[in-house]
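Protein sequence lines, in the order shown, are assigned to chains A and B. Sequential numbering of the first sequence, starting at 1, is according to the numbering used here. Sequential numbering of the second sequence, starting at 1, is according to the numbering used here.
No wet-lab data here; the hints were simulated from the structure. No residue lacks a Cβ here, since even glycine has one placed at the ideal position from N, Cα and C. Among the clues, some could well be false.
As the list claims (entries may be wrong) - Partner residues aside, some chain B positions facing chain A, computed with beta carbon under 8 Å:
| id | residue |
| --- | --- |
| 1 | Y9 |
| 2 | G62 |
| 3 | G117 |
| 4 | A121 |
| 5 | P122 |
| 6 | I125 |
What the hints assert, rightly or not - Pairwise CB distance ranges, derived in the manner of DEER restraints:
| id | chain 1 | residue 1 | chain 2 | residue 2 | range |
| --- | --- | --- | --- | --- | --- |
| 7 | A | G357 | B | L99 | 30 to 36 Å |
| 8 | B | E133 | A | Q80 | 40 to 46 Å |
| 9 | A | D233 | B | T123 | 38 to 44 Å |
| 10 | A | D233 | B | Q18 | 31 to 37 Å |
| 11 | B | E133 | A | L78 | 52 to 58 Å |
| 12 | B | S108 | A | I31 | 39 to 45 Å |
| 13 | A | R210 | B | T32 | 48 to 54 Å |
| 14 | A | K417 | B | I113 | 21 to 27 Å |
| 15 | B | D107 | A | G38 | 28 to 34 Å |
| 16 | B | D107 | A | N37 | 40 to 46 Å |
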Amino acid sequence: MIAESVHMSQETVREETLDNIVEDVRRDFPILTQTINGEPLVYLDNAATSQKPRSVIDRVCSYYEEHHSNVHRGVHSLSQRATEMYEAARETVRGFIGAASTAEIVFTRGTTEALNLVAQSYARPRLGSDSEILVTMMEHHSNIVPWQILSGQTGAKVVVTPIHEDGTLDLDAFEQLLGDKTCIVAVAYISNSLGTINPVEHIIERSHARDIPVVIDGAQAVPHMPVHVGELDCDFFAFSGHKMFGPTGIGVLYGKETLLDAMPPYQGGGDMIESVSFSGTTFNKLPHKFEAGTPNIAGTIGLGAAVDYIQNVGYDFIQKHEARLLTTALSKLSELESIRFIGQAAERASVISFLLGDSHPYDVGSVLDKMGIAVRTGHHCTQPLMDHYQIPGTVRASFAFYNTIEEIDRLCSALRKAASLLQ
Amino acid sequence: MDTEKEELYQALILDHDQAPRHFHRLDPFSHTAEAYNPLCGDRYTIYLDLNSHIIRQISFEGYGCAISKASASMMTSMLSGASFESALALFSSFRTALLIENPPSDDSLGDLITLTGVISAPTRIKCALLAWEAACTAIQGASRHAITPETTN
């Protein structure tokens, strides 16, 4: 268990202690001890989904074994207990991202649903046929398609901020594209394909100077860096539980209370209403107005456990160790003759996309899999970005704080074997 | 590990990947078929020169992974001069060999047997079948067309 020793060392994590902490942390993740195709698993697909610590798994299990009931419903004790646990998780998440009030924390199925909610409930009533939605070239499909659907419904136009060759946003172009017609800006904090950390503070400041609201896709940010929505001053912020060591099927939409309050519900059903009659229905107060039906109670409670876990491990350790992983991986991978990096931003998370000579990413991925190494291959749900680079996809190694320097060596050695086999 | 690795990427597969056979546009051709997998970006055009029941010539162009390219290359080698009936029967045998566990041994598969190693990687079966599905759809279309009274008179 990571326990207190990790917590105590948070403020002064030294280089030499990082390896010891990683060793402790790895013991919290039961899945990491297995072998794949006869080799110890090297899990480098964290940008797709991260693994779960024992504390998250246990919290979900104990919820089902000891506390399960429906929330916000019954007068019986079990229901009250489940409700308390569910709402306690909301308070945990509020503190985690620095929101002013739990009214601003809406639980969703994930980032995708959160972004769709913003598109349909916030943007749709406000957009006209001459409106523009400003996104970027490096968005995940989940921050493109909801806006395209909205475009089909309203006639509004999706405008794309271009990127530089190194995978950073063209901020001059952004400035020019931000215009009188722009109704909303939607941008990823961190690119899931390139690892680029976008200057969201700058984007928010420039957008707000024109009274344009900003929605941040924060799915790739929360596993790697502390986020404070109050300080960012973003209008909406979406993220997923499963990419931050929590369960699948649970995510969060943060929205400023005044904005959420003025928005119509996204879905209708139980829990989101105050009273229903056939002559008319009044809606529940925030955040329940946006949580129709029985929610993912276990997932929410598991998400709370994931937040507790991250806070216990500490972003200080996470950022120092991941920075070391990134630097080491980039340096060692650079030694491979045929490697070509896709995206080379100076400000980036521990996500590395590359191609190996002319080898197809799927072939490289299959060879690595035979050696127990899990990487993602393909377009990573960013087809427009791949088209921009004129490639069908990449091999992507994405690191979490439980990855080790030794695993980078295994990746490099496996890539050498793949290159000699395939080329 | 090495054994399994070789099962997926046998030398013959890599040879077809690096030196694909019939890898050019056909001139003249009677039919083309597009094979595209949006998930991985693999995209081939298959050219066919068909008469009423025979594949006179077949070739392909495009880009894809070693498995899909080797499979397309082997397909063009095996189907040149084949009757529609035997081509479709071979496609059916190949698909069976990829999709079912412990398929009965089938000599008709020839070099295609090297591709059945992809069964250990289920996500790659689509790669092995990509060009075949497109080509055989075109052949089936031509076959149906050939037996209609208008075209067989």
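Taking the hints in turn, this is what the structure says about them:
1. Y9: Since the shortest Cβ distance to chain A is 6 Å, the answer is holds.
2. G62: For G62 (chain B), the interface hint is violated, since the closest Cβ of chain A sits about 11 Å away, which is over 8 Å.
3. G117: 10 Å, violated
4. A121: 6 Å, holds
5. P122: Violated, about 11 Å.
6. I125: 12 Å, violated
7. A:G357 to B:L99: 30 to 36 Å: 32 Å, holds
8. B:E133 to A:Q80: 40 to 46 Å: The hinted range 40 to 46 Å is violated for E133 (chain B) and Q80 (chain A), with Cβ atoms some 57 Å apart.
9. A:D233 to B:T123: 38 to 44 Å: Holds - the Cβ-Cβ distance for D233 (chain A) and T123 (chain B), about 43 Å, lies within 38 to 44 Å.
10. A:D233 to B:Q18: 31 to 37 Å: Taking Cβ atoms as reference, D233 (chain A) and Q18 (chain B) lie about 55 Å apart, which means the hint is violated.
11. B:E133 to A:L78: 52 to 58 Å: 53 Å Cβ-Cβ, so the 52 to 58 Å window holds.
12. B:S108 to A:I31: 39 to 45 Å: 43 Å Cβ-Cβ, so the 39 to 45 Å window holds.
13. A:R210 to B:T32: 48 to 54 Å: 51 Å, holds
14. A:K417 to B:I113: 21 to 27 Å: 25 Å, holds
15. B:D107 to A:G38: 28 to 34 Å: Given about 32 Å between the Cβ atoms, the range holds.
16. B:D107 to A:N37: 40 to 46 Å: 30 Å, violated
In summary, the numbered hints that this structure violates are 2, 3, 5, 6, 8, 10, 16.
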